[in-house]
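My request is simple: use the sequences and hints to build the entire structure.
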Amino acid sequence: MKSVQSDRLGRRALIAALATAATLLGPATLAQKPVSLLNVSYDPTRELYVEFNKAFAAHWQKKTGEVLGVRQSHGGSGKQARSVIDGLEADVVTLALAYDVDMLSKKAGLIPADWQKRLAQNSSPYTSTIVFLVRKGNPKGIEDWDDLVKPGVSVVTPNPKTSGGARWNYLAAWGYALNKFGNHPAKAEKFVADLFGNVPVLDSGARGSTMTFTERGIGDVLLAWENEAYLSVKELGPTRFEIVVPSLSILTEPPVAVVDKNVDRRGTRAVSQAYLEFLYTPEGQEIAARHHYRPRDARVAARYASTFNVKVKLFTIDELFGGWDKAQAAHFNDGGSFDRIYTRK
Amino acid sequence: MFLHKTLLKRHSVLPGFDLALGFALLYISLIVLIPLSAVFLKTFTLTWQQFLDATTTPRVMASYRLTFGASFLAALLNAVFGFIVAWVLVRYTFPFKRVIDALVDLPFALPTAVAGIALTAIYAHNGVLGQWLPFKVSFTPLGVWVALVFIGLPFVVRTVQPVLEDVNRELEEAAATLGANRWQTFGKVIFPIVMPALLTGFALAFARALGEYGSVIFIAGNMPMVSEITPLLIITRLEQYDYAGATAIAVVMLVASFALLLLINLLQSWARKRQGGLA
Amino acid sequence: MNTAALPAKAPRAVAAGTAPRRIRAATAEAPWVRMLLIGLALGFMTLFLFVPLVTVFYEAFKKGWDVYVAAVSEPDALSAIKLTLIAAVISVPLNLVFGVAAAWAIAKFEFHGKNLLLTLIDLPFSVSPVIAGLIYVLVFGLQGWFGSWFIDHDLKIIFAVPGIVLATTFVTFPFVARELIPLMQAQGIEQEEAARVLGADGWQMLWRVTLPNVQWALLYGVILCNARAMGEFGAVSVVSGHIRGQTNTLPLHIEIIYNEYQFAAAFAVASLLALLALVTLVLKYLVEQRVKTQLRCDGDRSE
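Protein chains in written order, with the numbering used here: chain A, 1071 to 1415; chain B, -18 to 260; chain C, 70 to 372.
No lab work stands behind these hints, which were simulated from the structure alone.
Since we're looking at a predicted model, the values are computed, not measured.
Errors might be hidden in some of the hints.
[Stated by the list, open to error] Within a straight-line C-alpha distance of at most 30 Å, the following computed DSBU-like cross-link-like pairs (lysine-lysine) qualify:
id	chain 1	residue 1	chain 2	residue 2
1	C	Lys131	A	Lys1304
2	A	Lys1206	C	Lys131
3	C	Lys183	B	Lys78
4	A	Lys1206	A	Lys1250
5	A	Lys1206	B	Lys117
6	C	Lys183	B	Lys(-10)
7	C	Lys225	A	Lys1177
8	C	Lys132	A	Lys1206
9	C	Lys353	C	Lys183
10	A	Lys1257	A	Lys1396
11	B	Lys169	C	Lys361
12	A	Lys1177	A	Lys1187
13	B	Lys78	C	Lys361
14	A	Lys1260	B	Lys169
15	A	Lys1206	A	Lys1187
16	B	Lys254	C	Lys183
17	C	Lys131	B	Lys117
18	A	Lys1250	A	Lys1260
19	A	Lys1383	A	Lys1220
20	A	Lys1124	C	Lys151
21	C	Lys225	A	Lys1331
22	A	Lys1220	B	Lys117
23	A	Lys1304	C	Lys132
24	B	Lys117	A	Lys1210
25	A	Lys1383	A	Lys1210
26	C	Lys132	B	Lys117
27	B	Lys254	C	Lys361
28	A	Lys1124	C	Lys225
29	A	Lys1176	C	Lys225
As structure tokens, this is what we get:
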């Protein structure tokens, strides 16, 4: 079951293990293996963590002499949270929304309820926002949210019921409508309903939607995470797509957390904590910025100011919706606004 | 000993009944029954009203219509064309017949995910077939139907083939001597013999299509109320941490599948009795 | 029983006095009907089977041989291959043993509840893979029946290899049994009874009489069981945990690289499974010829 990489690490780990005390390793069954962490993350961070894990492993080895292997699991944010609740032994989770991490606490008692305060910036070392990805030349002339509800415009977004990214999309649209119609919930609902009237297919995850838009050629505009949009343009060709940033969007704060119950059982608390803290260091922030996440560190942000559209006005979920619990209950749970929109169709 | 006494209908001199049946029952219980019961037990934590609520919302009902409807239509198409393919394979010779015969089992052998991405690529609007079609296939209920036809294809052919092969030519010749033309012979002599097998094959294809996930999930549009299959809704419930709701829908599907399968086995039993074998 | 396809016989209904015309047997259709049926059958098969199969290989090689080789030899792909093989190597023999036991009980004895048992055996065929995965999560997951007992004792079932093997075993459960049962039922019990009379005990009977009679059907069932075991997607996806390089089987790995925009690579790995499918079909065809012969011999024998 081990990959080629961990076999190599295994040999070196034996030597390292002789030097470092057995207290750093977990139960007896793990005595011969190198230290390994499992990072359960959501879809768009694949590339980010490939680079970050390498950097952190190098840093950790320099600091403690311990050889570290970080395994990754990716999937839809909600699906990943559910897997951890069902027993996937994550040492850290790096998910799309705080609501999913809250579930680890509420449904399984894996982390304490005040987890979000334990790391700086609400446990979000990097942020992103929701932007539009359009075809090169922007043939439908899409500039802002209003253009998405026009007839004849086809919008691609994932299903808010299954995708964390889709929920950010939904709330961004709703937030814009609230702003436009002076905080009138009914008008906002109509706006979002019109938008979803223009949606031809709901994939279950953000990557699925991106594929539908870019590869299957469906839709005029894709609602996407900013970093995902940049990645698409880079991977699939700047000659095919361009990014349009709306006037107003939501500040998405994907959180990270140590999973207490698991790290205590596996004895990996120290390294897991260091792993997450490394995200806040200049080196970690550089890596995030390189992968098109907005860094929190002001200096790194300044260096990357040209790549990020800084004119967009950003609101947070706390400001407009009172936090994830309220937003989830009002919009995405059964009987919420999304269900109303869809049963009316 | 225990099984011997309670279940056996007729005394048999052959040994091993207890061991064989005992082991089989144990294995089934461990691998199939006990885990399956987890689904039912979880559902029983709901009140009857909650169960009805979970399984009869408009969105769930729409998914039943799609899943059961598309499966039924796919099995129907497979029944018609599967019969033709079986007929052609049994009765005629033509070039590449052996290749075609072997290819019929491709859906059995090919992984569902592979079938899924291939079909999606073909019928997308820029795909090799999709670009010529005036209507959309990928991401519509039609796409779901195409995927289900693919995976159900072997069932009808393989169930009908052996029976067709066994049809006694002398019966047909007798009918011809009595003045029947080919169509009459087919309708009154051949088809009734093959009908039980055709029904069985249809029911098998239907049952298989009901449960299919891997190939459909790539090509379905997953629009609520339009192109969501029921297994997807089970997953949606799970993602919302509503385990009981997920198991409720799963129970509905399981009961439907079980009923279908029981029907199939009764059909096969009836067909076998007709031909004079062990019931 | 006349089962061989005989060449067209002399016609019986040639009207007296008519000029000789193209004759055909009374048991054959008009040529146009034949052509039409063959055309329809071939068209149907091409559209629904041939095109998808070709597409897999076409897309796999679209970006060239190098991309293909790189895709199938990268570490994650290799560990996926390994995991797929492990799952198959464990689940297939288990299901084989079960299949023989169940077929023995069902084909050689009459007992109450036989139809029920047959239905239960067939159940995994129509249970959705999502449900198949879900049931194991409900039993072995942290929130399941055993709760944290497994994890506390450091035994990983779900989201690890054992869970994947369990889900694979469930899904491929009926294959061997379903191949053996009809054949053994057709063969009846005379040979076994004869063996009994000659003094054989149960195991000798099984090993020397029954199994040799069904060896090809057995092989056939094993081949199909293996193909499905290696290709299962839905059920494994639910119990896998998607840990890269560790708990991803080949079908899951395909989904992952497909979602990373590496389409040629995804189809390249998919082509491995498609190749396996084709090999399966060839083997199956060869075996099937033997099964047909066996059925015919037994049919003649039991008359």
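Here is what the structure says about each hint:
1. C:Lys131 x A:Lys1304: holds, 21 Å
2. A:Lys1206 x C:Lys131: OK: Lys1206 (chain A) and Lys131 (chain C) at ~25 Å, within 30 Å.
3. C:Lys183 x B:Lys78: Not satisfied, since the Cα-Cα distance of roughly 38 Å exceeds 30 Å.
4. A:Lys1206 x A:Lys1250: Holds: Lys1206 (chain A) and Lys1250 (chain A) sit about 28 Å apart, inside 30 Å.
5. A:Lys1206 x B:Lys117: holds, 24 Å
6. C:Lys183 x B:Lys(-10): Holds. Lys183 (chain C) to Lys(-10) (chain B) sits at ~10 Å (cutoff 30 Å).
7. C:Lys225 x A:Lys1177: The hint holds at about 20 Å.
8. C:Lys132 x A:Lys1206: holds, 24 Å
9. C:Lys353 x C:Lys183: holds, 29 Å
10. A:Lys1257 x A:Lys1396: holds, 19 Å
11. B:Lys169 x C:Lys361: holds, 27 Å
12. A:Lys1177 x A:Lys1187: Holds. Lys1177 (chain A) to Lys1187 (chain A) sits at ~19 Å (cutoff 30 Å).
13. B:Lys78 x C:Lys361: Given that 30 Å is the threshold and the Cα spacing comes to 17 Å, the pair holds.
14. A:Lys1260 x B:Lys169: Given that 30 Å is the threshold and the Cα spacing comes to 62 Å, the pair is violated.
15. A:Lys1206 x A:Lys1187: violated, 42 Å
16. B:Lys254 x C:Lys183: holds, 15 Å
17. C:Lys131 x B:Lys117: Given pair Lys131 (chain C), Lys117 (chain B) holds - Cα atoms ~25 Å apart, limit 30 Å.
18. A:Lys1250 x A:Lys1260: Roughly 12 Å between the alpha carbons, so the hint for Lys1250 (chain A) and Lys1260 (chain A) holds.
19. A:Lys1383 x A:Lys1220: holds, 23 Å
20. A:Lys1124 x C:Lys151: Answer holds: Lys1124 (chain A) to Lys151 (chain C) is near 25 Å, not above 30 Å.
21. C:Lys225 x A:Lys1331: holds, 16 Å
22. A:Lys1220 x B:Lys117: Given that 30 Å is the threshold and the Cα spacing comes to 22 Å, the pair holds.
23. A:Lys1304 x C:Lys132: Holds - the C-alpha atoms of Lys132 (chain C) and Lys1304 (chain A) are around 19 Å apart, at most 30 Å.
24. B:Lys117 x A:Lys1210: Roughly 22 Å separates the two Cα atoms, so the pair holds.
25. A:Lys1383 x A:Lys1210: holds, 23 Å
26. C:Lys132 x B:Lys117: OK: Lys132 (chain C) and Lys117 (chain B) at ~27 Å, within 30 Å.
27. B:Lys254 x C:Lys361: holds, 22 Å
28. A:Lys1124 x C:Lys225: Holds, at about 27 Å.
29. A:Lys1176 x C:Lys225: holds, 23 Å
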